[in-house]
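Residue numbers (the working numbering), protein chains in the order written: chain A, 1 to 504; chain B, 1 to 358.
There could be a bad hint or two in this list.
Derived EDC-like pairs: lysine to aspartate or glutamate, alpha-carbon spacing no greater than 20 Å straight-line [stated by the list, open to error]:
#	chain 1	residue 1	chain 2	residue 2
1	A	K428	B	E178
2	A	K428	B	E127
3	B	K87	A	E465
4	B	K87	A	D418
5	A	K3	B	E195
6	A	K288	B	E54
7	B	K84	A	E79
8	A	K281	B	E163
9	B	K87	A	E362
10	A	K28	B	D191
11	B	K84	A	E468
12	A	K288	B	E74
13	B	K212	B	E163
14	A	K3	B	E163
15	A	K428	A	D418
16	B	K84	A	E465
17	B	K87	A	E476
18	B	K87	A	E475
19	A	K281	B	E178
20	B	K212	B	D139
21	B	K119	B	E78
22	B	K84	A	E475
23	B	K84	A	E476
24	A	K3	B	E165
25	A	K454	B	E127
Derived from the structure by calculation, the hints contain no laboratory data.
Note that the structure is predicted; figures quoted are calculated from it, not measured.
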Amino acid sequence: MLKPTADRERIIELLEHEGGVTEASVRKVAAQTGVPEADIWGTGKFYTLINTPGTRVRVCDGLTCQMFGADELARQITESGKEVERVSCLGQCDLAVATLSEDMELVTYTKKETNISPASDDLAINLAGEVDLGYSALAKARLMGADAVIEQLKISGLQGRGGAGFPAHFKWTSLINQAETERYVVCNADEAEPGTFKDRETMLRQPHKMLEGLAIAAALIGTREIYIYIRGEYVNEVAALEVAIDEAKGQLEDFNVTIVRGHGAYICGEETALLESLEGKRGMPRLKPPFPTESGFRSKPTLIHNVETIACVPSIVHHGGQWFHDLGRTEAGSKLYCISGHVNQPGVYELPLGVTLDELVEQAGGYVGTPLAFSPGGASSGFLPISQRTLPLDYKSLAAAGSMMGSAGIVVLNDTVDMARAADWQLKFFERESCGQCAPCRIGTQFIRRQNEKYIQLGDPATFEHTEDVAWEMEEGSICGLGMIAAKPLTSAREHFPEHFKTR
Amino acid sequence: MSDSFSIKLNGQTVDAFTGETVFQVAARTEVEIPSLCHDDRLAPAGACRVCLVEVAGQRRLQPGCAWVVTPDMEIITESDRIAKHRKVLYNLYMADHELDDAGLPIETGNGNQLRELCKTVPAMNLEPVIAPRSGRPRDDNPYIQFDPELCILCARCTRYCDEVEAVNAITLSNRGGETTIETAGQRSLIDTTCELCGGCIDTCPTGALIEKKAPVNLVQLGGTEAVRSTCNFCGVGCQLDLHVQNDKLVKVTSPEPGETLNDGNLCVKGRFAYDFVHHPDRITQPLIRGEDGLLHRATWEEAIKATADGLMKVRDKHGPDSLGFVSSSRCTGEENYLMQKLSRAAFGTNNVHQCAAT
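Model the full structure from these sequences, guided by the hints.
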């Protein structure tokens, strides 16, 4: 039980300042904040960037980096005498293989530059477009008032770009209707879904679209408080945001914008786990209901949006909902698609929502080799066969195909890849990133990964005897979305590529 | 007074009140919903997933411990879907648990509720997972033993330590398959804020936490006879269940939460300080110090007379207020009453005190 004077929200940052979790650092932070030592210890041990003191080279083992030889690179770095830690996707799939140096600087080996779509007025985010410091959409939104802006959001058909695809205007309406007037706006910049790096580019190239979107949201729901939760591995992006906030301090004078860095936990991209983390706790998802719009940060009504979602808002206010809606093809809006893997020019391309894989890859310079499979929306979406190359990449079509749009982190795999191995890379990710709170996910991710590993070692498909039942239970019984889809890399790979899972 | 309305529980219409959970409604009916992580003294966690039920209109199964009912809600607690869920879930728990020769989760002196649940489903014999969970092998506290291999991470112990005792000595630590229960710095409980109340043992559903002093195979030995008594360490009056085996007190627990005023809780003295009962140094008959300076066995009549003579001698020589009476907090209320009576009525002084009063 926390003393009323305890300052729990600071403990993670203070632990980092002390160099990570040790008995001494925990004692010191307890004295500084009044939080019990055990709570600080347990919280610090949750986050991989602070749970083990000391420095080391972090080598990404996300799907794309693995395809491009991350294991070999890790071996070479180890041989050069440096300590190496294998870490979950660093969000640099287009620059694979990616590492973070001992000083937490991004180091890539083959590619340095990201490909993006050319500037165009018919793009909501328009990564290559001119940076607009006028914040005129904020002024316009204030004149329009909340109801009119929400109406435009409704017409725009904007769906949550973080993965869920939930219509954005519902959250705004729910916030406005809360009796509680202490409210928060939170931006989810904890981009960590393997294959995804669109928020990274948005923050680097168009940070003011995101900040203006947040300001519009805060002004209309009636709060000064804006929190941006950004993954700790995004060092350059944190710096870019700090510069942008400084550049716009005049326009943002009515708001308190606070950047909170994550400390190495994919699950904190789940909105309620993110809130727990903001409150200085272990990033374990909450039971829903209540939803954050009703009881979120500090148990107060909270509007949480992904970077891309909120960055669409200024354009919608500017041009109207219909304009945004018409940018899409099968569904509303333009969309940032991340593409990496076996394509010539991996990058972030903003295209009408509902383009096909073939169209996307055409933008990305064509396929490398003979394409076999693709993962359409991050690790959570599993794999689809290349025969689905003409499927519209939108929320409805991908769901109907048994996959999901997710974060639109598309990875293309050609026929040099063994799908059992590809599944193994993704399963390891979920096993490592499971928060451990509920048994279906905690035990299921271990079980599924191990059975697939045994198949790779022994070549005997009998190892899969119970994996379908366990995957079923993970989907039915887990608390949050991570557990629900954590078996997907295996179940989808076995469904679509049975020839990769025969006796061998 | 909260509003009442009706809901459908397995097709039966039952009364419910605003704000109640499925568990609270079901508790007034014959419907039993299994659970491992729930304790009425704690906020619902919904973490063990054992209590998932079907709620009409909800795509996903929902935890009965936390799901708040609303008018006309339809809840199903038994179905093919729930049966399959329980079967695979319990089997997953077994893949992460130490099993006995019968293939069931092993039980310690405090039983294992998971074992009982596992008996209700067909065995899938899932290959075990290797979860490298740390314990505290060097924890030299004298009372509380933790075995991470028997832990299901329901966090009842840590939540109890936080929400009921406000001590926060233990915490969930690490992540994923490595998640375990730790103290800050993996220290012995003695070196933390822990008050050794043992409430964590009491709330643990699987026997991963046990009393170090109790025989580990209490259940296998045929269990114990529980004798209800009142703790005599202080004036609160906590009720105790003294577990007796072969005329020997082997363990002390509290009656179930909600049953007595201590609501399932005890302190370190009540739960663990029972060594005196069978201690060889315990004085079992009156002793009087003789002229030789040594203690000699005496009868009660002799002892009481010697005491009375001594006290009256002092009173006659120095007056009643030269005497003071202090009784032990281990005396009952009645005994304490008699002590003040003795002090005031028999000797005529108000100098009377009881050590638990300070």
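Hint-by-hint comparison with the structure:
1. The hinted pair formed by K428(A) and E178(B) meets the criterion: a straight-line CA distance of about 14 Å does not exceed 20 Å.
2. In summary, the hint linking K428(A) to E127(B) is supported, as the alpha carbons are separated by about 18 Å, within the 20 Å threshold.
3. Proposed proximity of K87(B) and E465(A) is supported: the alpha carbons are some 15 Å apart, at most 20 Å.
4. The straight-line distance between the Cα atoms of K87(B) and D418(A) is roughly 33 Å, outside the 20 Å bound, and the hint therefore fails.
5. Between the alpha carbons of K3(A) and E195(B) the distance comes to roughly 18 Å, so the proposed pair stays at or under 20 Å and holds.
6. Between K288(A) and E54(B) the CA atoms are separated by roughly 15 Å; this keeps the pair inside 20 Å, and the hint holds.
7. At roughly 49 Å between alpha-carbon atoms, K84(B) and E79(A) are farther apart than 20 Å, so this suggested pair is violated.
8. For the hint linking K281(A) to E163(B), the alpha-carbon distance of about 15 Å falls within 20 Å, and the restraint holds.
9. Our distance criterion of 20 Å between C-alpha atoms is broken by K87(B) and E362(A), whose separation comes to about 48 Å.
10. A hinted pair counts as satisfied when its Cα atoms are at most 20 Å apart, and K28(A) with D191(B) qualifies at roughly 16 Å.
11. Between the alpha carbons of K84(B) and E468(A) the distance comes to roughly 12 Å, so the proposed pair stays at or under 20 Å and holds.
12. Note on K288(A) and E74(B): the hinted pairing holds, with a Cα-Cα distance of about 18 Å set against a maximum of 20 Å.
13. Distance restraint check for K212(B) and E163(B): the Cα-Cα separation of roughly 24 Å exceeds the 20 Å cut-off, and the hinted pair is therefore not satisfied.
14. Note on K3(A) and E163(B): the hinted pairing holds, with a Cα-Cα distance of about 12 Å set against a maximum of 20 Å.
15. Taken as a hint, the K428(A) and D418(A) pair is honoured in the structure, with Cα atoms around 16 Å apart against an allowance of 20 Å.
16. Restraint check for K84(B) and E465(A): the C-alpha separation of about 16 Å stays at or below 20 Å, so the hint holds.
17. Restraint check for K87(B) and E476(A): satisfied, since their Cα atoms lie roughly 12 Å apart, inside the 20 Å limit.
18. Restraint check: the Cα-Cα separation between K87(B) and E475(A) comes to about 14 Å, which is no more than 20 Å; the hinted pair holds.
19. For a cut-off of 20 Å, the pair hint linking K281(A) to E178(B) stands: about 18 Å separates their Cα positions.
20. Restraint check for K212(B) and D139(B): satisfied, since their Cα atoms lie roughly 11 Å apart, inside the 20 Å limit.
21. With a C-alpha separation of about 17 Å, the suggested pairing of K119(B) with E78(B) holds against the 20 Å cut-off.
22. About 13 Å separates the Cα atoms of K84(B) and E475(A), which keeps this hinted pair within 20 Å; it holds.
23. Restraint check for K84(B) and E476(A): the C-alpha separation of about 10 Å stays at or below 20 Å, so the hint holds.
24. Of the pairs offered as hints, the one joining K3(A) and E165(B) holds, with about 13 Å between alpha carbons and a cut-off of 20 Å not exceeded.
25. Using a Cα cut-off of 20 Å, the hinted pair K454(A) and E127(B) holds, with the two alpha carbons roughly 11 Å apart.
This entry does not satisfy hints 4, 7, 9, 13, going by the numbered hints stated previously.
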